[in-house]
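Going line by line, the protein sequences match chains A and B. Positions 32 to 258 (the working numbering) are the ones given, in order, by the first sequence. Positions 32 to 258 (the working numbering) are the ones given, in order, by the second sequence.
Since the hints were derived computationally from the structure, they do not count as laboratory data. Keep in mind that the hints are not guaranteed to be accurate.
One copy or two, either will do: identical chains are not told apart, so a pair holds if it fits within one copy or between any two.
Stated by the list, open to error - Here are the simulated DSS-like cross-link-like pairs (lysine-lysine), alpha carbons at most 27 Å apart as the crow flies: (1) K161 with K247; (2) K235 with K247; (3) K180 with K163.
Protein chains: 2
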Amino acid sequence: MNERVLIIEDETAMRTALVDLLSAEGYRTLMAADGARGLERALNEKPDLILLDIMLPKLDGFALCAELRRLANAVPVLMLTAKGQIEDRVTGLDAGADDYLVKPFSTEELLARVRALLRRAERKSRTPLKLKLDDVEIDLARQVATRGKRQVHLTAKEFAMLRLMAEAEGEPVTRQRFLDVVWGYTAFPTTRTVDNHIASLRAKLERDPEEPRWIKTVHGVGYKFDR
Amino acid sequence: MNERVLIIEDETAMRTALVDLLSAEGYRTLMAADGARGLERALNEKPDLILLDIMLPKLDGFALCAELRRLANAVPVLMLTAKGQIEDRVTGLDAGADDYLVKPFSTEELLARVRALLRRAERKSRTPLKLKLDDVEIDLARQVATRGKRQVHLTAKEFAMLRLMAEAEGEPVTRQRFLDVVWGYTAFPTTRTVDNHIASLRAKLERDPEEPRWIKTVHGVGYKFDR
DNA sequence: GGTGGATTTTACAAAACCATGACATTTGTC
DNA sequence: GACAAATGTCATGGTTTTGTAAAATCCACC
Chain A
32 MNERVLIIED
42 ETAMRTALVD
52 LLSAEGYRTL
62 MAADGARGLE
72 RALNEKPDLI
82 LLDIMLPKLD
92 GFALCAELRR
102 LANAVPVLML
112 TAKGQIEDRV
122 TGLDAGADDY
132 LVKPFSTEEL
142 LARVRALLRR
152 AERKSRTPLK
162 LKLDDVEIDL
172 ARQVATRGKR
182 QVHLTAKEFA
192 MLRLMAEAEG
202 EPVTRQRFLD
212 VVWGYTAFPT
222 TRTVDNHIAS
232 LRAKLERDPE
242 EPRWIKTVHG
252 VGYKFDR
Chain B
32 MNERVLIIED
42 ETAMRTALVD
52 LLSAEGYRTL
62 MAADGARGLE
72 RALNEKPDLI
82 LLDIMLPKLD
92 GFALCAELRR
102 LANAVPVLML
112 TAKGQIEDRV
122 TGLDAGADDY
132 LVKPFSTEEL
142 LARVRALLRR
152 AERKSRTPLK
162 LKLDDVEIDL
172 ARQVATRGKR
182 QVHLTAKEFA
192 MLRLMAEAEG
202 EPVTRQRFLD
212 VVWGYTAFPT
222 TRTVDNHIAS
232 LRAKLERDPE
242 EPRWIKTVHG
252 VGYKFDR
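Please model the complete structure; the sequences and the hints are all you need to start from.
This is the structure in structure tokens:
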């Protein structure tokens with residue numbers, strides 16, 4: 032409870048408005064007026080969420096976000112963009128933002144997104160970093176999998192898919208969502224590619240890949256990880 | 032009681048007419064004259080129902096509705112469309128509207144739909160997300176059913192039919208309603224198809240499918256779920 | 001520029017799901 | 001009980017979705 036939100040925004044009026052709004056909602060707020068300080072506070076104070084303007088002195092929002100991700104910081108980022116400032120959401124999301132909002136926006140709209148992002152993050156933090164499937168152990172953080180003593184080699188994509196399913200906590204994940212999250216918004220493989228990776232995951236992890244115990248198909252929807 | 036209805040409509044005459052009509056019927060009314068404000072009020076004030084014009088300044092009805100759903104807001108939406116404005120109701124229902132009405136409509140027609148939607152929503156909020164039938168447990172939200180330890184596999188259509196019957200709370204559901212709700216307004220299978228799906232539901236869920244304990248036939252009407 | 005692994009595409013087979021109609025059985029009515 | 005209408009059930013076929021192997025491509029690294 033009482034999540035901490037870092038607001039990185041150079042316009043004073045907007046910044047204080049955001050602080051007031053979020054404080055009134057019960058969030059604790061932190062501020063920064065330029066990109067360099069913003070990055071510093073983000074790393075130092077580990078907020079639960081960042082509201083990030085794109086146009087910023089010193090270091091713009093894209094660069095800041097990309098740098099965070101480069102440092103393996105997974106804090107949820109909600110980008111704020113003036114209309115027309117950004118051609119397509121792709122750029123922002125590629126830099127690693129989790130959602131974006133076009134100014135001017137209504138307060139409720141903002142709060143709804145903030146809540147959604149925090150909920151998603153909460154869920155993420157709840158998912159264990161290790162999975163056990165019969166005799167196979169998977170360390171999602173370190174990207175290592177073992178069957179008994181022997182190492183099982185999984186590729187980066189396979190780990191990412193597994194993590195996404197684990198975060199879904201048993202809910203099915205659609206093929207489209209696999210593509211959006213694992214592949215990103217700039218790559219466009221066919222949805223059949225997903226099936227192939229599922230097949231290889233099953234081949235490596237399931238006792239009987241023909242009758243999967245863990246990675247289940249949800250016909251017409253996608254796949255789910257069954258505990 | 033005293034449900035709150037949000038009216039999003041740019042034509043002043045129509046808007047005041049709707050407000051007058053609904054107020055006279057005992058509903059509390061809220062208004063918005065364009066899509067952006069409409070979305071804001073919808074999120075802020077959480078009405079029990081929204082009357083939504085399609086042609087709107089700022090943000091049209093389809094987009095508004097789709098955005099609501101994206102934010103996981105399930106408020107019932109009744110779309111109002113001028114004749115010829117919309118080729119098929121499918122588009123609106125695809126955007127997540129619950130019903131639609133073509134202008135000009137009679138006041139009684141409108142009130143009937145409003146009542147129907149509110150009743151349906153009320154019911155929905157009352158129906159539990161899990162059903163128990165002897166040893167079979169059904170989680171309608173996650174779409175998983177178990178008999179003892181073992182999973183019982185139900186198809187998407189079967190879950191949808193079960194949910195519809197559960198929401199009816201023991202009232203019989205007609206074959207036509209099954210088709211309208213589960214199959215949608217674009218598919219037209221014969222009513223016999225419904226019977227077949229009922230048969231497979233019984234085969235999977237009933238102890239003795241010949242003498243169903245839960246899924247009862249109401250001769251000349253349809254089927255009901257008996258608790 | 002060659003090599004090896006990862007990834008994607010492609011193509012085809014298999015499985016799941018669904019719709020239909022025939023025929024048997026049950027129900028309601030007279 | 002006889003009849004007609006409604007429902008149960010099964011076999012069948014068609015369509016969509018999924019499984020998977022093999023070929024093609026990509027890409028980092030040497």
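Hint check results:
no.	hint	in the structure
1	K161 with K247	both (19 Å within a copy, 21 Å between copies)
2	K235 with K247	both (15 Å within a copy, 20 Å between copies)
3	K180 with K163	both (14 Å within a copy, 20 Å between copies)
Consistency with the previously given hints is maintained throughout, with no hint failing.
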